[in-house]
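Visitor: Here is how the chains run, residue by residue.
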Amino acid sequence: MTPVVSGAGWWPILSVPIAVEADVVTARQRARRVAELVGFDAQDQTRIATAVSEIARNAFEHGGRGRAQFALRDAGGDDPPEAQRQRLVVRVSDDGPGFGDLDAVLEGRHRSKAGLGVGLLGAKRLMDGFRVETGAGGSTVELEKALPRRRSRLDREDLGEVVARLARERAVDPLNVLSEQNRELVRSLDELKARQDELARLNQELEDTNRGVVALYAELDARAEQLRQASDLKSRFLSNMSHEFRTPLNSVLALSRLLLDRTDGELSEEQERQVGYIRKSTESLAGLVDDLLDLAKVEAGKLDVRPADFTAAELFGGLRGALKPLRTNEAVALVFEEPPADFPPLSTDEAKVAQVLRNFVSNALKFTPEGEVRVSAAHDRDADRVLFAVADTGIGIAPEDQPRVFEEFAQIENPLQSRAKGTGLGLPLSRRLAELLGGEIALRSEPGRGSVFMLSIPRVFSGVAAVSGAGLAEPPIATGPRDRGACVLVVDDDKAFRYALRQMLNGAGYGGPAHDVVEAADGVEGLRLARAEPRPDAILLDLRMPVLDGYAVLRALAADPLTRGVPVIVATSTAEASGADARLAHARAVLSKDGLSREALVAALRGAIAASRAAAPEGER
Amino acid sequence: MDRIPILKLGDALLVTIQVDMHDRLAAALEEDLTERIAATGAKGVLIDISSLGIVDSFIGRMLDTVAAVSRMLGADTVVVGMRPAVAITLVELGLELKGVRTALNVERGMALIGRWLEDGDGDERDGPAAGDANDGDGG
Numbered sequence: 001m002t003p004v005v006s007g008a009g010w011w012p013i014l015s016v017p018i019a020v021e022a023d024v025v026t027a028r029q030r031a032r033r034v035a036e037l038v039g040f041d042a043q044d045q046t047r048i049a050t051a052v053s054e055i056a057r058n059a060f061e062h063g064g065r066g067r068a069q070f071a072l073r074d075a076g077g078d079d080p081p082e083a084q085r086q087r088l089v090v091r092v093s094d095d096g097p098g099f100g101d102l103d104a105v106l107e108g109r110h111r112s113k114a115g116l117g118v119g120l121l122g123a124k125r126l127m128d129g130f131r132v133e134t135g136a137g138g139s140t141v142e143l144e145k146a147l148p149r150r151r152s153r154l155d156r157e158d159l160g161e162v163v164a165r166l167a168r169e170r171a172v173d174p175l176n177v178l179s180e181q182n183r184e185l186v187r188s189l190d191e192l193k194a195r196q197d198e199l200a201r202l203n204q205e206l207e208d209t210n211r212g213v214v215a216l217y218a219e220l221d222a223r224a225e226q227l228r229q230a231s232d233l234k235s236r237f238l239s240n241m242s243h244e245f246r247t248p249l250n251s252v253l254a255l256s257r258l259l260l261d262r263t264d265g266e267l268s269e270e271q272e273r274q275v276g277y278i279r280k281s282t283e284s285l286a287g288l289v290d291d292l293l294d295l296a297k298v299e300a301g302k303l304d305v306r307p308a309d310f311t312a313a314e315l316f317g318g319l320r321g322a323l324k325p326l327r328t329n330e331a332v333a334l335v336f337e338e339p340p341a342d343f344p345p346l347s348t349d350e351a352k353v354a355q356v357l358r359n360f361v362s363n364a365l366k367f368t369p370e371g372e373v374r375v376s377a378a379h380d381r382d383a384d385r386v387l388f389a390v391a392d393t394g395i396g397i398a399p400e401d402q403p404r405v406f407e408e409f410a411q412i413e414n415p416l417q418s419r420a421k422g423t424g425l426g427l428p429l430s431r432r433l434a435e436l437l438g439g440e441i442a443l444r445s446e447p448g449r450g451s452v453f454m455l456s457i458p459r460v461f462s463g464v465a466a467v468s469g470a471g472l473a474e475p476p477i478a479t480g481p482r483d484r485g486a487c488v489l490v491v492d493d494d495k496a497f498r499y500a501l502r503q504m505l506n507g508a509g510y511g512g513p514a515h516d517v518v519e520a521a522d523g524v525e526g527l528r529l530a531r532a533e534p535r536p537d538a539i540l541l542d543l544r545m546p547v548l549d550g551y552a553v554l555r556a557l558a559a560d561p562l563t564r565g566v567p568v569i570v571a572t573s574t575a576e577a578s579g580a581d582a583r584l585a586h587a588r589a590v591l592s593k594d595g596l597s598r599e600a601l602v603a604a605l606r607g608a609i610a611a612s613r614a615a616a617p618e619g620e621r
Numbered sequence: 001m002d003r004i005p006i007l008k009l010g011d012a013l014l015v016t017i018q019v020d021m022h023d024r025l026a027a028a029l030e031e032d033l034t035e036r037i038a039a040t041g042a043k044g045v046l047i048d049i050s051s052l053g054i055v056d057s058f059i060g061r062m063l064d065t066v067a068a069v070s071r072m073l074g075a076d077t078v079v080v081g082m083r084p085a086v087a088i089t090l091v092e093l094g095l096e097l098k099g100v101r102t103a104l105n106v107e108r109g110m111a112l113i114g115r116w117l118e119d120g121d122g123d124e125r126d127g128p129a130a131g132d133a134n135d136g137d138g139g
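Residue numbers (full-length UniProt numbering), protein chains in the order written: chain V, 1 to 621; chain X, 1 to 139.
Please note: incorrect hints may appear among the correct ones.
[What the hints assert, rightly or not] Interface residues of chain V toward chain X, partial, derived using beta-carbon atoms under 7 Å:
1. A42
2. T46
3. G119
4. K124
5. R125
6. L126
7. D128
8. R131
9. T134
10. A600
If you're looking for bench data, these hints aren't it; they were derived computationally from the structure.
Virtual Cβ for every residue (Gly too), placed ideally from N, Cα, C.
Bound conformation, chain V alone (with noise of 0.2 Å):
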């Protein structure tokens, strides 16, 4: 490519590289530019303008890249006036594979569809001078344009001002500024939007996270909610379960003392002693049964605490009776130490009490192969509490099984263990009447030295007692005139306990009244004969009942106005039959069948009648 360049001054102004589309753009608005600043008025800027954006398009789009060069050409002092005239010159050059058939262009037979063709010959007429090199290598279209002739000569001062002045305003261009300030903000604003994507996606997996976290929630409260159903199932079933063995093992004890008792005779030294056997196990049996029941109550939060006054020495006193016979070794002391002469008297429940050192105590005893049993008292001013020790010298019980002595049915192997028989239930038991009291366990144990069992309770009980119901008090023995017998009906569904009851009431050989009894097996019958002549004197009634149940035969009963009259007394093993049952409120009294008592019936009975006597105006009877 030989420089079109005679041998006048060539002043280069700019060169502009062509490489990407927006180039061909830039190559005509400095074409336009250069144009302004060397003289040409805004019509030929145009045509400059446009001729050059013809050519740049065509060397970006056939040469791939190329660049356009802005020259002013200065002849020479010796050429003709019209050529002195200087010439703005545009060499657009690029490394393409050439025009082809370069005069089919030129003579517009050629159209391609980007419009070459055109191109060419447009810019051709559009400019004053023109010329095309092409090749293999690359193609050089030169245009040139004739400065106005008005315009004075350009000096190459002048030039270089031209030249410094587009410099500067290509530094400062402000359409690239704002289209570079323009796309970094949308970049800005792509980013943004990015992040806020990304954003809400987190917040949408912590809401994920929330819900399963509730529902996770959810289903911990169900379960917690199956375990507390499972729990109350255990002890109802417990509690029920204790009722049902508790019934017929009442009716043996009834039927053993009865037998004890000679009621039916005598019995040879043989029977005796095998009725003795019957009746201490069934004695150990009921028991445990007690003891099951009074756990299964206290989680079910059945037993009430009746708090009463009395004092730590009373206390002692009562326990070192009932406690003596459980000393079967002489080598163990039992001693109980005298409280202090101050000591100030306790108001909480003293039967809980006692039955937690009972346990306490048979515990002691049970592993204490010699020495004693330490029962004290302490007096604890400050908190206002009271400290029960049990101190033994027995095997004690190793750190590690401590703990586990207050489980339930759990048993400490040992030497001891095999000789001592227990239910495993006593200190669990004991626990649980200490939390009921207000106070808690302790143990302190070395093996091989002893132990001390301690219980700690508020010396004045201050929980929600249960009001302690009037029917369960003990009704006035009547000191009337001696009883002549009485009728009694028995309402119970158990056939045995209506037989021991039968045996208690005949009383042959006591030498206390013997009383009618009429039998009923279910609340109808008992209703029928509760009405039926002879009225009875007094009704015993059970209140479990296949048919109908204890508590509507009470109704029932205290709504007809002919067995209004007649006292009640209910003789139960149901757990819930309480004084403060208002369902319960027509009946005399409340008697357990546990232990029921020969003496403690009669009693019962006779208070009974002896009220409902002095009630009724006249007696009937």
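Please build the complex by placing chain X on the supplied structure of chain V, with the hints as guidance.
Guide: Positioned in the frame of chain V, the structure of chain X alone reads:
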């Protein structure tokens, strides 16, 4: 990002070209405009090129194509605000934009479109020459 905005004004589309378009931008405008005509059922298109200092053969042909395509889609195109220097250059370039109607400025362009809309499918489009473009106060 680089797109020429197209505004809808009643039954007409309004395009104001305010930047020196590179070829792809011009091609994109052609495409967008065609789509919008089809989508909106516009009856007239007004393209304002008063900001353009240079209209070379590519942009010229784009305007020509837009006019032809919109006509096939049932819309008439009027190009307004062409600078005299640009008009002269286009003629010298050999592009007379025979299919494109022109008007001096936006006002007249809108008036022209309004008239077309009133006439409904008038036969006016058969003579799309310079009549309207040159009836103003001389350009």
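Visitor: Could you run down the list of hints and mark each one as holding or not?
Guide: Hint check:
| no. | hint | result |
| --- | --- | --- |
| 1 | A42 | 5 Å, holds |
| 2 | T46 | 4 Å, holds |
| 3 | G119 | 5 Å, holds |
| 4 | K124 | 10 Å, violated |
| 5 | R125 | 5 Å, holds |
| 6 | L126 | 6 Å, holds |
| 7 | D128 | 13 Å, violated |
| 8 | R131 | 19 Å, violated |
| 9 | T134 | 20 Å, violated |
| 10 | A600 | 103 Å, violated |
In this structure, the earlier hints numbered 4, 7, 8, 9, 10 are contradicted, and the remaining ones agree with it.
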